[in-house]
Each structure stands twice: as C-alpha cells, then as structure tokens.
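**Q** Spelled out from the first residue to the last, the chains are:
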Amino acid sequence: MSEHLITRLPNDLGGQPSPPFERIDHELAPWEKRCHALADVLDFHKIINTEEKRRGVEALGSEIIGQLSYYERWIVVFANILFQKGILTPEDLALRMQEVERRWTPDGADDAGGASNG
Amino acid sequence: MSGAGHTPHPHGAHDHAGDHAAVEDVARPGYYEIMEIAVRELLVERGHIQGAEIHRQIDLLDSRTPALGAAIVARAWMDPAFKARLLADGRGVAEELGVSFYDDTGLIVLENTAEVHNLVVCTLCSCYPRPVLGLPPEWYKLKPYRARAVSEPRALLAEFGTVLPDDVEIRVSDSTSMARYLVLPRRPEGTEDFTETQLAALVTRDAMIGVVPVELPEGRPA
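So the sequences go chain by chain: E and H. Residue numbers 1 to 118, in my numbering, belong to the letters of the first sequence in order. Residue numbers 1001 to 1222, in my numbering, belong to the letters of the second sequence in order.
Be a bit skeptical, because a hint or two may be false.
[Unchecked claim] Where chain E lies over chain H, by a calculated footprint (3+ residues, C-beta under 8 Å): (1) 1082 to 1089; (2) 1119 to 1128; (3) 1133 to 1143; (4) 1149 to 1160.
[As the list claims (entries may be wrong)] If the Cβ cut is set under 7 Å, some of the chain E residues that face chain H in the computed set are: (5) Pro10; (6) Asn11; (7) Ser18; (8) Ala37; (9) Leu38; (10) Ala79; (11) Glu101.
Honestly, the hints are just simulated from the structure, not real lab data. For every residue, glycine included, the Cβ atom is placed at its ideal position computed from N, Cα and C.
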C-alpha cells in the first residue's frame, strides 16, 4: 500500500494522525529572526516568493521536513532555490560556510575582525 | 567584506553599540546558522540585497505585535460602523490605522458570535496574519495543531481550555499566502464601561487566532 505516499505532500497535514498537542512556544533565536528577515527581503526583491519557499520545503521530503527545525528548513530551501536560479553555486556556499566557521576557531579568529563591519 | 550586515562578532563584543545588539550571536553558531550567515553575506556582496534591508526588516518584525490586532478588535467593539467596514475590508481598514502589509496578502476578519466560533489554522505551512499579530507561536507551526484543527477542532479547543457548547458552530479557516485570517473575538460581559484602551489590553494573541475567548482578568467580577 503506497498510495498514501503520493496522495499527499509531506506538508499537507490537515486531518492527518498526529502526536498529542502541546502548547509549545519559544522566542526566536537571533539567527532565526535574521532568516525570517532574509525571507521577506528575498520576497521584496522578487528573488524568492512565499509560494516558491513553500514548494521548496515540500520538495525536501518528509524525512528532512521531520528532522529539521522550521528555520533550518527555510535556509536550506533558500540555498536550493538560489542554486536552481543560478544566483549562487553550491561551491560558493560551501567555501563561504567554511570561511564563516573559521571565524569561530582560535586560529581563524584574528581574521574575523572586519567581518562585522556592518 | 564590506556591507556584510549582521555578521555576528566572533568574540561577542559589540563594536557598534545599539546596532541590533540583541540579534548578534556570541556562541559558536550551528551548521544552519553558518549557512544563514553565508547565504546572506554572499547575496549582500553580490548586490542582490542590502545588509541595511535585513536590519530594517528585523526592526519591522519586532514592531509587529498582537497589540496591533488588539487595538483593531477594541475599536470594532466600540464602533459598529468601524466593525462593519473591518468585516468588509480587513486589509483596507488595517492600513488606514497605519498597519503595513508586506505583499499582496489579504486580511479577512472573522467575527465570533453566540452562534459561531472561528478558528484559524494553516494546514500547509504557517500562514498567519503577521501584519497585525507578528510572528506565529511555535505550536501554530507544528503538526498537532495543523493536523487536528480541521478534523477535530472541538477537541483541540478543549485542550486550550476552551469548551464550547455543542450548539455553537465551529468554523475553521485554513490560511494561504494570499488569504490570512484574524478572529474578532466576542466582547466579554461586564466591560460596558471600559475604555477602548482598557478593552485592547484584554485581547490576547490566542484569542485572535480563535483558540481562547477574551476574558476579564482573574478576580474581577464578570
């Protein structure tokens, strides 16, 4: 019986069996708030709109959707869409992520001074 | 690396006081935060977006709170003509009050009555009346609420402590990116002498999602 896999997208949850409700809430982490702001700015510039973002989350599939948090899914989707549109390449992102990570390592810390020139 | 905007300082020292210190990170970031920083920096450096736009949007996100929705609800309770216009054109009336909308999204205001109770959900994702309520609570975005709001709203409402008589119809509105809903709750009994400001103070975020009624503070006679 595989019909359930194709009759519903993984995010189409209405009426599905679900875990018990819990009234969970939390303040957004600073990076989550930045991620939300990024989504809005990308929408303003017509780079990624809300529908593209939602479809991008669907395309992650149920396993990734189930294991990543809300804003983790968003940033992964932004990267995927930016790759698809040729705005960034996977290599661009991988190299920059390495560079960002080095800012928090002792050896790389000295190089990071200019990074917060915002 | 000019114009990188919100790059967190690795030493945790804020070298530009007052510039969104609250959203700077001091701890070593996780994988997805590193991805967020990298994507944003690349987009800024290549001129697709500006770092200042991210700053401004964070300010705007912070400025949108349920107090905006509460003020609209209180006005509607005080002024029947206002309420009629609000129910006919939610977005237009909110904009008259200075609420900014970020895209073409509509705002539909749903009035609770003695016969009908409205509940808002987004089964597909997390669409929410952000212009008038700010960002949604975590539970609104999680599976249990999204799954059950449409199939067993009465049981779900009971878990919020909202037990409705069986003869009250529950209407569930499923939001989309273009149609967002705000519940106009019932005005509580015993507020006839309240000012608009006092009324607004009673109106909670959750009441405007439709999961709880508006109630008088504890200890105040109803």
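**Q** With chain H as the partner, please determine if serine 18(E) meets the hint condition of a C-beta pair closer than 7 Å.
**A** 4 Å, holds
**Q** Cut-off 8 Å, C-beta pairs, minimum 3 residues; does the coverage of the segment 1149 to 1160 of chain H by chain E stand?
**A** holds (count 6)
**Q** Checking hints one by one. Is alanine 79(E) an interface residue toward chain H, by the C-beta closer than 7 Å rule?
**A** Holds, about 6 Å.
**Q** The segment 1082 to 1089 of chain H covered by chain E? Criterion: 3 or more residues, Cβ-Cβ distance below 8 Å.
**A** The restraint on the segment 1082 to 1089 of chain H is violated, since only 0 of its residues have a Cβ under 8 Å from chain E and three are required.
**Q** Does asparagine 11(E) pass the interface check with chain H, least Cβ-Cβ distance below 7 Å?
**A** Check passed: Cβ of asparagine 11(E) comes within 6 Å of chain H, closer than 7 Å.
**Q** Using Cβ atoms only, decide whether leucine 38(E) comes closer than 7 Å to chain H, and label the hint accordingly.
**A** 6 Å, holds
**Q** Does glutamate 101(E) hold up as a contact with chain H if the rule is Cβ-Cβ below 7 Å?
**A** 6 Å, holds
**Q** Against chain E, does the segment 1133 to 1143 of chain H show at least 3 residues with beta-carbon separation below 8 Å?
**A** This one holds; 7 residues, not fewer than the three required, reach chain E with a Cβ under 8 Å.
**Q** Taking a Cβ-to-Cβ distance below 8 Å as contact, does the segment 1119 to 1128 of chain H have at least three residues touching chain E?
**A** holds (count 5)
**Q** Grab the minimum C-beta distance from alanine 37(E) to chain H and call the hint holds if it beats 7 Å, violated otherwise.
**A** Holds. Min distance 4 Å.
**Q** Should the hint that proline 10(E) touches chain H count as held when the rule is a Cβ pair under 7 Å?
**A** It is violated, given that the least Cβ distance between proline 10(E) and chain H is near 10 Å, above 7 Å.
When held up to the earlier numbered hints, the structure conflicts with 1 and 5 and fits the remainder.
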